[in-house]
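As given, the protein sequences belong to chains A and B, one line each in that order. Read left to right, the first sequence gives residues 1 to 354 (our numbering). Read left to right, the second sequence gives residues 355 to 439 (our numbering).
Be aware that a few hints might be false.
Quick list of in silico lysine-lysine cross-link-like pairs, DSS-like style, CA-CA up to 27 Å [said to hold, decoys possible]:
no.	chain 1	residue 1	chain 2	residue 2
1	A	LYS94	B	LYS435
2	B	LYS420	A	LYS43
3	B	LYS439	A	LYS98
4	B	LYS420	A	LYS47
If you're looking for bench data, these hints aren't it; they were derived computationally from the structure.
Next come the chains, spelled out residue by residue.
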Amino acid sequence: MSGCYINGIATITAQPTTDPNNFLEDVIAFDEVIFRATDPDYKAYIKPSAMRRMSKSVKMGVTTSKIALASSCIEMPDAIITGTGMGCKQDSEKFLEKILHNDEQFLTPTLFIQSTHNTVGGQIALGLGCKAYNVTYVQGAVSFETSIIDAHLMLSESPEKNILVGGIDEIAKNSTLLHTLDGHIKNKNINVLDLLDSNSKGTVCSEGATFVVLGSERKENSLAKIVDIETKNAATPDEIKKDIEKFIDRQGLSINDIDAIVLGNNGDIDFDHYYKNLQNSIFSEKEQLCYKHVIGEYHTASAVGFWIASKIFETNKVPSVLKVNNISAQNHKNILLYNQYRAKNHSIALLQRC
Amino acid sequence: MAELREELKEKIIEQLSLEDIEIGEIGDDDPLFGDGLGLDSIDALELIVLLEKDYGIKLKDPKEGKAIFESVGVMADYISKHRTK
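Whole structure, please, built from the sequences with the hints as guidance.
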C-alpha cells in the first residue's frame, strides 16, 4: 500500500483528551455505566449562530476536525470521510418524539436535517466551504476503520491529497436505554477503571469523536504511519489469531517486531476472550494496553486506539492507566491495534513510528 | 398585544434554539432576519410551522412569510388578526 501518514489528530472522549498537556495522566473515574464525553469549550471552535442547531455529535465532530486540521497545518482538506456506528441519534430521537407528540404533523426541518448519519461530515464541509469528496461510512464497530481504508485507497490514487477522516458517536436517551434493556450495557453501576475485571455481561457506554488528517508523504509534523489495516465481519478467536499472524507476516514483520498491542477489551465477559486469546498466547511477552476502561465503549471508540498509538510515538510516554500487564516496551516502533464488538466487526491495524 | 409579543419571543428562542439570547434582548421592531437576530431560511420554515401549530395559521404562499416575519411586532399583529386558535 502507498504511504499513509497521520499528520494531525484530535479526540474528544469522556476524558479531557483535548488538553494537549494531559495524555491520560489525570483520568476521571466514572461511577456509572453510561457516561458522556468531557466537553471542551465548543464556543472557541464554533460560531454561536452555527452551534445552536448542533447536537453533541456534531459539536464534537466539528471541534475535533478543526483541532486535527490545525495540528496538521492544513486549512482545506481534499476529502472528508466520516464513520459512525449510529449517527446523530439525539436529533433522530427528538424527530421521532415530535412525530408521535404532534400526531405526524407540524414536523420542522431542523431535526430532520440534523438526524442523518452524514450530518457531521456535512457540517464540517459547510463550515470549511469544502466541496470535495464527502462520504460517511456506517459499518458498526469498523466505521472508522472503513473510512481509513477509503482514505488509504484515495491516497494510493492521488498521493497529493490531504484527507480528513473521523469517527463520531453520541449517547442518546432512548437508544442507549434499549442497549441497557438488551444487556449490551451492564445493569449495575461500577467504577469504570475496574471495568476489565468486572466479570459480568455487557459493557459501559460512552461517546466521542476522533479525527485524523492523512497524507501520503511523511512531514515534519507526521505522528505515525498507518502501515496497513484490515477488517473482518465475523471470526472465531483462533481465526483472529491466525489473521493477525498473517497480517503481520504480510508486512514483512514477525511478532517479535511488534512493540505493543492496543486492545479493545470492554469488560464484557461474553466477548473479551477474543482479546484474552491473544494476550495469553502470541502477545504474552508484549506490552499490552487497553483503553475502554477509561473512555468507554461506542462504535467508533477504536479510533481512540489510533490516537493513543500516535501520542505514544509523539511523547514517548505510555500512560500507566492503559497498561494491563507488567511488560514495558524499550521503545515503540510498531504498535498493533485490534478491536471487535460483540464478536463482530473485527479490525487489525499496524501503526509505525515515522 | 404586549403579552402575545412576549409569548412569541419565548417561542422563537425555544423553537430556534437561540440559547444565548434573552427575551429582553429582542426588541419588538428588531428585524428577525439579516442584521437583527440573524435568522436564516431554515428558521423561516420553523416559523411557518410554529404559526400553523400554535395559532392555526396556514400560510398559503410561503413568500408571505417575508413580510410577516419582519419583526416580532409585525408577527404579533398578523397573528392577532388571523389566528384560529
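Hint check:
1. A:LYS94 / B:LYS435: violated, 32 Å
2. B:LYS420 / A:LYS43: violated, 31 Å
3. B:LYS439 / A:LYS98: holds, 20 Å
4. B:LYS420 / A:LYS47: Holds, because 25 Å separates the two Cα atoms, which is no more than 27 Å.
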